[in-house]
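Given these sequences and hints, build the entire structure.
The primary structure of each chain is shown beneath.
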Amino acid sequence: MKPAPFKYIAAASLEHALSLKEEHGDEAKFLAGGQSLIPAMNFRLARPAVVIDINEIEALAGICAQAGAVLVGSLTRYRALQRDEVFARQFPLIGEALPHIAHPQIRNRGTIGGNLSHADPASELPAIALALRARFHVRSAKRERWIEAADFFTGALTTDLQPDEMLVEIEWPSPKPRSGSCFMEIARRRGDFAIAGVAAMVTLDKRDKCSEIRLALCGVGETPVDASAAADGLIGQSPGEQAICEAAAVLQGMVEPAGNVHATADYQRHVAGVLAERALTTAFERVRDGR
Amino acid sequence: MDADRHEITLSVNGASYTRRIEARLLLSDFLRHDLGLAGTHVGCEHGVCGACTILLDGEPVRSCLMLAVQAKGREVSTVEGLAGKDGTYHPLQQAMHDHHGLQCGYCTPGILMTMAAFLDENAAPSEDDIREALSGNLCRCTGYQNIVDAVMTAAIRMRG
Chain S
1 MKPAPFKYIA
11 AASLEHALSL
21 KEEHGDEAKF
31 LAGGQSLIPA
41 MNFRLARPAV
51 VIDINEIEAL
61 AGICAQAGAV
71 LVGSLTRYRA
81 LQRDEVFARQ
91 FPLIGEALPH
101 IAHPQIRNRG
111 TIGGNLSHAD
121 PASELPAIAL
131 ALRARFHVRS
141 AKRERWIEAA
151 DFFTGALTTD
161 LQPDEMLVEI
171 EWPSPKPRSG
181 SCFMEIARRR
191 GDFAIAGVAA
201 MVTLDKRDKC
211 SEIRLALCGV
221 GETPVDASAA
231 ADGLIGQSPG
241 EQAICEAAAV
251 LQGMVEPAGN
261 VHATADYQRH
271 VAGVLAERAL
281 TTAFERVRDG
291 R
Chain E
1 MDADRHEITL
11 SVNGASYTRR
21 IEARLLLSDF
31 LRHDLGLAGT
41 HVGCEHGVCG
51 ACTILLDGEP
61 VRSCLMLAVQ
71 AKGREVSTVE
81 GLAGKDGTYH
91 PLQQAMHDHH
101 GLQCGYCTPG
111 ILMTMAAFLD
121 ENAAPSEDDI
131 REALSGNLCR
141 CTGYQNIVDA
151 VMTAAIRMRG
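Protein sequence lines, in the order shown, are assigned to chains S and E.
Numbered by the working numbering, the letters in the first sequence go through residues 1 to 291 in order.
Numbered by the working numbering, the letters in the second sequence go through residues 1 to 160 in order.
Just so you know, these hints were derived from the structure itself, not from any lab.
C-beta: ideal position from N, C-alpha, C; glycine also.
Among the hints, erroneous ones may be present.
Partial list, computed: chain E residues near chain S (C-beta under 8 Å) [stated by the list, open to error]: (1) Ala3; (2) His6; (3) Glu7; (4) Ile8; (5) Val61; (6) Arg62; (7) Pro91; (8) Thr114; (9) Ser135; (10) Met158.
As structure tokens, then:
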């Protein structure tokens with residue numbers, strides 16, 4: 001047996017799952033796609049006393065368009081997002097990042113809520129949630145609340161979720177008109193964790209001047225990094241090559257990667273800058289070309 | 001802690017099985033040890049190598065990253081179910097044989113299951129499509145080229 005012993009409970013409903021979590025707190029783990037939790041249990045890095053399987057709770061999965069936003073249930077699998085062409089068109093930043101998330105077999109099981117709750121700083125979706133200003137709907141047996149992406153990720157593998165809480169859905173605000181986006185990452189091999197990854201979204205006003213820039217990075221810190229401020233100098237401009245390079249240089253000064261066996265901290269910082277420059281350039285091209 | 005046991009019934013390659021198992025038993029180990037279907041190989045046992053890939057309701061997943069108890073009521077397909085009942089190879093198996101797509105063979109069951117599902121959805125893939133779909137399966141012998149050639153050939157043969 002790989003995992004240590006635990007008590008397994010398949011939750012019949014969200015209310016059931018939440019009441020079990022309230023009862024067992026930190027001793028219990030929700031099991032969604034299991035693509036991060038089960039490896040951790042196989043290594044016995046994670047030894048939950050109780051595993052609450054939420055895979056049968058159909059109400060937690062699905063994509064629901066609202067005015068100005070799309071709500072995605074936390075149990076929605078990556079593969080379902082990839083297959084939803086309307087969603088991928090509306091959120092090209094997510095559509096572009098999905099193929100970088102692990103491998104087809106993992107994307108068939110892995111869930112968006114599991115990914116965000118696991119909060120791996122090298123993972124793509126947390127950075128994209130920052131870039132798109134996603135909001136997280138969190139519930140416990142007794143209360144519910146919404147958390148801004150900027151407040152959700154508090155450290156490596158650590159979130160603002162309390163021991164009795166579950167992330168139940170994610171609200172993705174629709175990109176403004178005349179927005180262009182781009183996601184890029186560099187990894188040693190396809191599907192590996194990124195040495196650095198950049199999510200960029202730019203919005204132009206009626207005069208073709210830049211009105212907003214969102215820039216977020218994965219893989220270069222303890223949490224996903226909102227580096228939008230690096231591009232403050234581009235607001236109100238029609239930025240050319242030089243201005244974008246300058247913003248990328250500012251961004252390099254904002255990140256503090258730790259370095260790892262695949263890349264030194266200096267190399268990660270270098271890659272982050274190069275990717276930011278490319279992603280911004282591509283995002284501007286796309287919005288100007290109406291893509 | 002007392003063992004937490006559950007009774008499950010599931011379908012594997014079209015046959016129904018009922019077993020009483022411990023909650024912490026991985027689906028990969030259940031297939032190999034409890035059902036004796038040792039065609040599903042275990043390599044890394046943490047979701048990196050792809051050797052244990054099986055189809056869950058027709059979709060490739062890592063059987064080492066699922067608890068057997070989660071497969072309750074589901075349809076599982078393993079490499080043992082790929083060939084015809086008379087032993088005729090699946091076109092993918094035949095093409096792997098023809099193209100020398102395996103050497104030690106350890107990764108092969110996972111690759112066959114991944115690629116069988118891939119070809120069901122992509123009847124006319126490009127070489128790049130195949131490499132992308134193969135990215136979650138490690139092979140340390142072949143250098144992949146022969147596997148890619150085999151999948152390409154299987155796709156052509158399956159289109160007829």
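### Message
Going through the numbered hints above, which ones does this structure break? Give me the numbers in ascending order.
### Response
3, 4, 7 and 10
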